[in-house]
Amino acid sequence: MSRHVEAFLEMMSVERGASANTLDAYTRDLDDLTGFLSRRKTDAVTAKPADLSAYMRALADAGMAPRTQARRLSCLRQFYGFVYAEGWRKDDPTSKLDSPRLGRVLPKVLSEKDVDELLKAARALVQPQGAMMTALLELLYATGLRVSELVGLPYSAVARNPDMLVVRGKGDKERMVPLSDPARDAVKAWLPLRQDALGKKPSKWLFPSFGKSGHLTRSGFARMLLRVGMHAGIDPRRLSPHVLRHAFATHLLAHGADLRVVQELLGHADIATTEIYTHVLDEPKTRLVQQHHPLAGLMKPKA
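Each residue of the sequence shown is one higher than the last, beginning at 0 in numbering that gives the first Met the number 0.
No lab work stands behind these hints: they were computed from the structure.
Just so you know, even glycine gets a beta-carbon here, dropped at the ideal spot from N, CA and C.
Treat the hints loosely; a few may be bogus.
[What the hints assert, rightly or not] Here are the computed distance ranges between Cβ atoms for each label pair:
| hint | residue 1 | residue 2 | range |
| --- | --- | --- | --- |
| 1 | R2 | S94 | 21 to 27 Å |
| 2 | S147 | S73 | 17 to 23 Å |
| 3 | S37 | V125 | 49 to 55 Å |
| 4 | P191 | S52 | 55 to 61 Å |
| 5 | E173 | K211 | 22 to 28 Å |
| 6 | K89 | M175 | 42 to 48 Å |
| 7 | A64 | S37 | 22 to 28 Å |
| 8 | P181 | Q128 | 16 to 22 Å |
[To be verified] In silico lysine to aspartate or glutamate, DMTMM-like type, Cα no more than 20 Å apart, as pairs:
| hint | residue 1 | residue 2 |
| --- | --- | --- |
| 9 | K47 | D30 |
| 10 | K47 | D97 |
| 11 | K203 | E173 |
| 12 | K211 | D23 |
Based on the provided sequences and hints, a complete structural model is requested.
Encoded structure:
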């Protein structure tokens, strides 16, 4: 890894509060770019716009999805913006690169009945897996947490049976999300079994594990969810941890929740990101959302 890439990653971590997952993704992206450029006898700092255009074409030719290409291009733009600002080159070679065309991808959504079936299947599991999975699902559906936020919840967040969770999300920003009674009850049922599972080993995590991180991983939860989904009769292609976050937002909006409130609960920086959930509602429910949030005039369909 070059010193320029190392400096960029340090800036993203220290100044912008990028998560470990984001830094890992940027590292992989820039390593891939570096390997491509080395085969063209150049490097990341001296590369010409034509080199970067060739790189983006190579990604497309390799069958990379447009959205993944767009994420890769976003990384390059941030990196070269930093390189330019530091004075390591006199231009930004990404300034004229075209973004890949993206179609609107609507989030996969579970029905309220699907969620009920998932919870029933989780409760039917043997203990302590049943209590753990029920707590995970109830928390996720009640709060709309990102999966990394869910599995990384500290025990202290629920130790006093709170009405609200304080969540540290992207960019190290904190937000408060309310807990439903079923979610609080599920957590209360899990806590004694959590202690039994730990034995004498202390843990600061709500969902501890004996792995390197000390807590349940995203992939571990995803595997558990697929198993529960099979018992609930839900097609695995329709199910992922993030789908529960989609269900949380869509079901809230379907019942007339304010779009700005849903934005805050999800931790979205831009309301346009939250707005996509209105497109998966049927027309009467979409009208309901448009009528019940304070910026209704901004949400009218464009001609």
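Return the numbers of the hints above that this structure violates; sort them in rising order. The structure breaks none of the hints.
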